[in-house]
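**Q** Okay, here's what each chain looks like letter by letter:
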Amino acid sequence: MTTSVQIENLSKRYRLGLTHTTSVRDLANGFAGRLIRRKPDTDHQPSERKGDHFWALKDINFSIREGDTVGIIGRNGAGKSTLLKILSRITSPTTGRVELNGRVASLLEVGTGFHPELTGRENLYLNGTILGMTRAEVNRQFDAIVSFAGVEKFIDTPVKRYSSGMKVRLGFAVAAHLDPEILIVDEVLAVGDLDFQRKCLGKMDDVAKSGRTIIFVSHNMAAVSQLCKTGVVLSGGTTDGVMPISEAIDTYIRQSSVSQKDGLFLIDRDEAGSIIREISVQQSGANTGVIRHDQNFDVEFSLQLPPEIGPTKLSIAVCDRFQKKIFTAITDLAGSRNDAFDPRPVRTLNVRGRFLMPGNYSIVAGLLDSRGAILDQHHHVCPFRIENVGDDPILSGGGDYGVVFGEHEWLAPSPTSC
Amino acid sequence: MGTMLPDLREVWRYRDLLMLLAWRDISAKFRQSIIGYGWAIARPLLTAIIYTLVFHFFVRIDTAPIPYTIFAFAGLIPWMYFSNSLSLVTGSVVGGGGMLTKVYFPRLVLPLSTVAVGLIEVTLQLGVLGLLMVWYQYVPGIAILCLPLFVGVTLLTTLAFGIWLTALNVKYRDVAMAVPFLIQTWMYLCPIIYPSSVVPERFRAIYALNPMVGVIEGFRWCLIGSNPPDWTMMTISMVAMIVILLGGMFYFRKVETTFADII
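In order, the protein sequences belong to chains S and L.
Sequential numbering from 1 applies to the first sequence in this note's numbering.
Sequential numbering from 1001 applies to the second sequence in this note's numbering.
There could be a bad hint or two in this list.
To be verified - Straight-line alpha carbon distances no greater than 27 Å define the calculated DSS-like cross-link-like pairs of lysine-lysine that follow:
1) S/229 to S/209
2) L/1029 to S/160
3) L/1254 to S/160
4) S/229 to S/199
5) L/1029 to S/58
6) S/324 to S/313
Stated by the list, open to error - If you only want the chain L side, here are some residues facing chain S, beta carbon under 8 Å, derived:
7) 1016
8) 1017
9) 1020
10) 1024
11) 1028
12) 1099
13) 1101
14) 1102
15) 1103
16) 1104
17) 1105
18) 1254
19) 1257
20) 1260
21) 1261
By construction, these hints were calculated from the structure, which means they are not laboratory data.
Ideal Cβ placement from N, Cα and C applies to all residues, glycine included.
One chain only, chain S, in its complex shape (with noise of 0.2 Å):
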């Protein structure tokens, strides 16, 4: 197969502060600087003092075959859109090279553009001309691209009085109709209804099976799974190259763990009084903050008491989103007046996969003596997060299911007897 995007020791840096100013003393003493024929003092250069800069892109490398469908995931600020920005030519790189065999559309936004004084039709064929079609190209297709809209009622009202749904539907419409060997995608799914964002993931799915190119970029870990066969994850401006898409959901959920602090409850060692000393949420044997919404995860707890104690009960709840609990586990804790006491003692709950929701969650703990009253209580700590890894079918709607799975089972239809 040949290769469809080749990315060689890619860098970006950008200029932190105003950008666009370069002031006008610095241009002044430029200026001057080559007048008098002086070589710029490079200890003094503005545009090469530590600190000034900002490397959005160090050195990346990776290939994509055509053909195939690439996530590209990461966190806030990895250097996802400046990739982007580059592959579509918006910006070019400070060093290194791309290469591109193909015709490329590039999806950065729904309806750029479009002018609220036109109408919807003048909209539709300024927006696709934008993304690179010839007006014959429109003509052939627009009837098409009026229909994926659902705006065939409105096309020639102007676009001010479209609802913001229309209006990026109307803009996804005319992208997926470009007809490019390699289809860019940022977050364009995040718009839009449920129902619209089902028809667009469709769509990218069949220009996938038709053997283009497709480049996605989203926060949505199942519709990229669900899409994309390889991933790249981007962390810090680096990558480590293209990796099959479940390694590279892997890798994205380890990642944004150890940076957010989640999954952790940790009370300070010279702190007194807390009984409580340590929540921490671990999946595969790691504390995360992130869990795969498929595999069994554990949270532990680690407490340290008081010399002098009768017999406790740890209780525990995890909440929902909304602070409210979900289901609550209870275990004994020996006092000390028994052979079994431990004074550190350390209790881990295994909770199945598949069984909280994609969502956030917290966790309430509390410690009772043996007449109900509380000794130490922490209320929603150790916030940790179900992350949806795709194939679930009850997710792909991507609504809100709840937040358990529930267990059911369907029975089989009885015969009726009428």
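With chain S held as given, fit chain L onto it using these hints.
**A** Leaving out everything else, chain L in the frame of chain S:
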């Protein structure tokens, strides 16, 4: 040369975008105003009348046998096109920032489509000039056949200065502030209210370095066609224009990849 100047073949591939952008600006411009295209006619006409009053009757600039109103109007058509378009072209790249940062297209399309916008007004104004000629019973000569040529030269001159200014304006926003002042001063360096024959002989070569001198002289010659222009001056103006145009293209090509980062 291929990499030093903008890729004109690519611009040609995007010609539909160019036309649509021009057309978008035209229709958006006149859609909200009451007398619409009337403004295109009213402005130069009123200006020509006021100039006639001030410079012909008060200051007594004599352009006989050509009626002064026709003389002034014929000079005002290219000048007004140039001055209006220049302000618009200067802002074209910065104004297209929303598009520039979201999609790739040859950046030269922005200034090109903007210079095309003003041609509608030129057409309307030429019609008015025709009516003025009927009114004064003035018959133009055969040179009028050169008119399309000079409309083209006017456009190129505007483009020559425009691409410099619009590219510079991305980095130094002072440019947009300076342009209105520049235009105001510039007008006195062009033979609009006076014929170029009042310029002393020895200054004419320097005077003609202003490409608008050639443009206005040529425009007036083919519209009114009484005495042919000074061809030396015309040549100087054309060469100056071509040098500025090529320089502008070169500079534009050099900085266009940074536009999206700076805007």
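**Q** Next step is simple, just say for each hint if it's right about the structure.
**A** Okay, the hints, checked on the actual structure:
{"no.": "1", "hint": "S/229 to S/209", "result": "holds (12 Å)"}
{"no.": "2", "hint": "L/1029 to S/160", "result": "holds (16 Å)"}
{"no.": "3", "hint": "L/1254 to S/160", "result": "violated (37 Å)"}
{"no.": "4", "hint": "S/229 to S/199", "result": "holds (19 Å)"}
{"no.": "5", "hint": "L/1029 to S/58", "result": "violated (45 Å)"}
{"no.": "6", "hint": "S/324 to S/313", "result": "holds (21 Å)"}
{"no.": "7", "hint": "1016", "result": "holds (4 Å)"}
{"no.": "8", "hint": "1017", "result": "holds (4 Å)"}
{"no.": "9", "hint": "1020", "result": "holds (5 Å)"}
{"no.": "10", "hint": "1024", "result": "holds (6 Å)"}
{"no.": "11", "hint": "1028", "result": "holds (5 Å)"}
{"no.": "12", "hint": "1099", "result": "holds (5 Å)"}
{"no.": "13", "hint": "1101", "result": "holds (6 Å)"}
{"no.": "14", "hint": "1102", "result": "holds (4 Å)"}
{"no.": "15", "hint": "1103", "result": "holds (5 Å)"}
{"no.": "16", "hint": "1104", "result": "holds (4 Å)"}
{"no.": "17", "hint": "1105", "result": "holds (6 Å)"}
{"no.": "18", "hint": "1254", "result": "violated (12 Å)"}
{"no.": "19", "hint": "1257", "result": "holds (4 Å)"}
{"no.": "20", "hint": "1260", "result": "holds (4 Å)"}
{"no.": "21", "hint": "1261", "result": "holds (5 Å)"}
Checked against the numbered hints above, the structure breaks hints 3, 5 and 18 and satisfies the rest.
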